[in-house]
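The listed protein sequences derive, respectively, from chains A and B. At the far end of the first sequence sits residue 421, using my numbering, and the numbering has no gaps. At the far end of the second sequence sits residue 421, using my numbering, and the numbering has no gaps.
Hints were generated in silico from the structure; no laboratory data involved. Do not rely on the hints blindly, as some may be mistaken.
Note that identical chains are pooled: a pair holds if it fits in a single copy or bridges any two copies.
[Unchecked claim] As a list, the in silico EDC-like pairs of lysine to aspartate or glutamate whose alpha-carbon atoms are at most 20 Å apart:
| no. | residue 1 | residue 2 |
| --- | --- | --- |
| 1 | Lys69 | Glu86 |
| 2 | Lys68 | Glu111 |
| 3 | Lys69 | Glu111 |
| 4 | Lys387 | Glu111 |
| 5 | Lys171 | Asp296 |
| 6 | Lys174 | Glu290 |
2 protein chains.
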Amino acid sequence: MKKVHNFSAGPCILAPTVFEEASQAILNYNNTGLSLIEMSHRSPEFVAVMEEARNLVKEILSVPDGYTVLFLQGGASLGFLEIAYNMMREHKKGGYITTGAWASKALKEANFMGEGVVVASSDDKNNSYIPKGYTIPSGLDYLHYTSNNTIFGTQFKEIPETTVPLVCDMSSDIFSKPIDVSKFDIIYAGAQKNLGPAGATLFIVKDTILGKSSVAIPTMLNLETHAKKDSMFNTPPVFSIYASMLTLRWIKSLGGLTEIEKMNNAKAELLYAEIDRNPLFKGTVAKEDRSYMNATFVLTDETKKDAFDKLWNDANISGIKGHRSVGGYRASMYNAMPIESVQVLVDAMKTLESK
Amino acid sequence: MKKVHNFSAGPCILAPTVFEEASQAILNYNNTGLSLIEMSHRSPEFVAVMEEARNLVKEILSVPDGYTVLFLQGGASLGFLEIAYNMMREHKKGGYITTGAWASKALKEANFMGEGVVVASSDDKNNSYIPKGYTIPSGLDYLHYTSNNTIFGTQFKEIPETTVPLVCDMSSDIFSKPIDVSKFDIIYAGAQKNLGPAGATLFIVKDTILGKSSVAIPTMLNLETHAKKDSMFNTPPVFSIYASMLTLRWIKSLGGLTEIEKMNNAKAELLYAEIDRNPLFKGTVAKEDRSYMNATFVLTDETKKDAFDKLWNDANISGIKGHRSVGGYRASMYNAMPIESVQVLVDAMKTLESK
Numbered sequence: 067m068k069k070v071h072n073f074s075a076g077p078c079i080l081a082p083t084v085f086e087e088a089s090q091a092i093l094n095y096n097n098t099g100l101s102l103i104e105m106s107h108r109s110p111e112f113v114a115v116m117e118e119a120r121n122l123v124k125e126i127l128s129v130p131d132g133y134t135v136l137f138l139q140g141g142a143s144l145g146f147l148e149i150a151y152n153m154m155r156e157h158k159k160g161g162y163i164t165t166g167a168w169a170s171k172a173l174k175e176a177n178f179m180g181e182g183v184v185v186a187s188s189d190d191k192n193n194s195y196i197p198k199g200y201t202i203p204s205g206l207d208y209l210h211y212t213s214n215n216t217i218f219g220t221q222f223k224e225i226p227e228t229t230v231p232l233v234c235d236m237s238s239d240i241f242s243k244p245i246d247v248s249k250f251d252i253i254y255a256g257a258q259k260n261l262g263p264a265g266a267t268l269f270i271v272k273d274t275i276l277g278k279s280s281v282a283i284p285t286m287l288n289l290e291t292h293a294k295k296d297s298m299f300n301t302p303p304v305f306s307i308y309a310s311m312l313t314l315r316w317i318k319s320l321g322g323l324t325e326i327e328k329m330n331n332a333k334a335e336l337l338y339a340e341i342d343r344n345p346l347f348k349g350t351v352a353k354e355d356r357s358y359m360n361a362t363f364v365l366t367d368e369t370k371k372d373a374f375d376k377l378w379n380d381a382n383i384s385g386i387k388g389h390r391s392v393g394g395y396r397a398s399m400y401n402a403m404p405i406e407s408v409q410v411l412v413d414a415m416k417t418l419e420s421k
Numbered sequence: 067m068k069k070v071h072n073f074s075a076g077p078c079i080l081a082p083t084v085f086e087e088a089s090q091a092i093l094n095y096n097n098t099g100l101s102l103i104e105m106s107h108r109s110p111e112f113v114a115v116m117e118e119a120r121n122l123v124k125e126i127l128s129v130p131d132g133y134t135v136l137f138l139q140g141g142a143s144l145g146f147l148e149i150a151y152n153m154m155r156e157h158k159k160g161g162y163i164t165t166g167a168w169a170s171k172a173l174k175e176a177n178f179m180g181e182g183v184v185v186a187s188s189d190d191k192n193n194s195y196i197p198k199g200y201t202i203p204s205g206l207d208y209l210h211y212t213s214n215n216t217i218f219g220t221q222f223k224e225i226p227e228t229t230v231p232l233v234c235d236m237s238s239d240i241f242s243k244p245i246d247v248s249k250f251d252i253i254y255a256g257a258q259k260n261l262g263p264a265g266a267t268l269f270i271v272k273d274t275i276l277g278k279s280s281v282a283i284p285t286m287l288n289l290e291t292h293a294k295k296d297s298m299f300n301t302p303p304v305f306s307i308y309a310s311m312l313t314l315r316w317i318k319s320l321g322g323l324t325e326i327e328k329m330n331n332a333k334a335e336l337l338y339a340e341i342d343r344n345p346l347f348k349g350t351v352a353k354e355d356r357s358y359m360n361a362t363f364v365l366t367d368e369t370k371k372d373a374f375d376k377l378w379n380d381a382n383i384s385g386i387k388g389h390r391s392v393g394g395y396r397a398s399m400y401n402a403m404p405i406e407s408v409q410v411l412v413d414a415m416k417t418l419e420s421k
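Chain A extracted, bound-state conformation:
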């Protein structure tokens, strides 16, 4: 099997042990004689998987008491709607920091049952920075932001200071470093970056917000529905939750998020150092706001494009074509990417320079 250096922005690289154990579970789960995916979600076997996944999220993120962990469906995109429905209070108004495509889509859904207000935005410069020094208006029921912007390659380095209930879409950087969960009313994330395969969506919800919305919520969009049934109100996405549980075990086995963060810092610093050193490349966003998950960069000389594309292709690098909104290249370096793969990319960049 050839070694591919997988820089895909998501779905993305997961740990080799996750692939191996998930593959085996599809054939015969824990010697039950049954495939994981043909067992009832109410079987003791799968109920134990769900419970372990939930407990590992709590342990790895040091989730304080008073929060519920849910595994739902629909991705962050359905989450945008669920956030607005569940967080609207007397003002029926949510504040949004719009730093990219996903943040703007989240804002849009708030206008369905209330009002979405732009509190700060980086839309003026193609989302190439994280807004700072903005004032949060009064009369908001919540403040929403997207911690990491996969497409544009920016990342919040600090949690916004606010007295308003805080909600964060952490789809593309959750589990990449420790976070202070106590600052948030809701954290949510599509699984398909650092957590597991596409098809599951993680919610970490402060219990005191449940049942407090000022708008009527359809059954499946009401977080209380799922909290009351331990994420088993309807059939959950069994395989995605199982593979997420395996990934959480793997994170724990490496020493948790403090260790994971060190590895992620080393990878990002290696690549950004080369982007800054090599005269043939430049980054596309403000240096202090650079994402440690998704590095976006372009060639300073577009005539070198064919030569560079051949170099990384020959090195078995995949998934680094930039999003059409930015162009150039995007190297996604999620938890499971070894630093050796980043070195292969850096070497290709150096080779281009030396030619």
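Chain B: place on chain A using the hints.
Here is chain B on its own, set in the frame of chain A:
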């Protein structure tokens, strides 16, 4: 590996080749050197999977021109809400035939943005029959029914006659026999019975209904959103769709739904014949409305319970405990169940009688 006879109501048995090929794809998809679940959903490889899955649905169900096939998330439970949003027209009123728990849940969501009207119901006799001879009132935007009732073990043998646009939740009997798709405006189904693992939801939608709702629809609940983006508006549940595609290939390889129906009829007739013959057992629903997917039955003499439970347990039968709403036993005989497994159950019933 011990042979388990898996009568689970869902998630349920799938074909052995599906488990084998899905297991392999998790390790190395088509010799790409990448796992299926670490590839971008926009990679040529996965786009081809989505396209083949869609085309196989069309081919196997003989879907006429003018329909779009979608693979979404959220199960039929989110479908209940999507149906109501997308089908409400000038009357803002949907008719429902309530034949069980799922049909009643579907009705409930219609009241969120319109009105759900009970057109006919079997609630008076614990959903033990399919209503007949009812009148469909005027002023409905659509008529909704659930073709097979997994919990109660009843099944519509005929498509309801109506001039109103027809919508059907076929979660638990789609792909079990040929159907005339042209009679429906929307068919939808959670994957986790005859189609694939939990986590994907199939929609077959008449194109002329798209964009015609009289109510404002949130982005992710609007079927037009997904139709315009070929089910790729956001990251789809990659693994569930892939395994569904494998299952569809398997159905085709067996000769399609005409052959599948013959096998399902043989299995159901074998079991129902024993339920009717054996004085120790009786069915729980009207004979003419019996489900060919989920057979529900009880002991005529409850003192035999321990003896029977030991017999089927010893025979490696799993998943036949009845739902708490009905009690007794429920034997689910989905497409992938071999008739040999049904024979093992019938033998256990005969052994109980002979003791």
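Taking the hints in turn, this is what the structure says about them:
no.	hint	result
1	Lys69 to Glu86	within (16 Å within a copy, 23 Å between copies)
2	Lys68 to Glu111	between (35 Å within a copy, 17 Å between copies)
3	Lys69 to Glu111	between (34 Å within a copy, 18 Å between copies)
4	Lys387 to Glu111	between (41 Å within a copy, 16 Å between copies)
5	Lys171 to Asp296	between (28 Å within a copy, 19 Å between copies)
6	Lys174 to Glu290	between (23 Å within a copy, 17 Å between copies)
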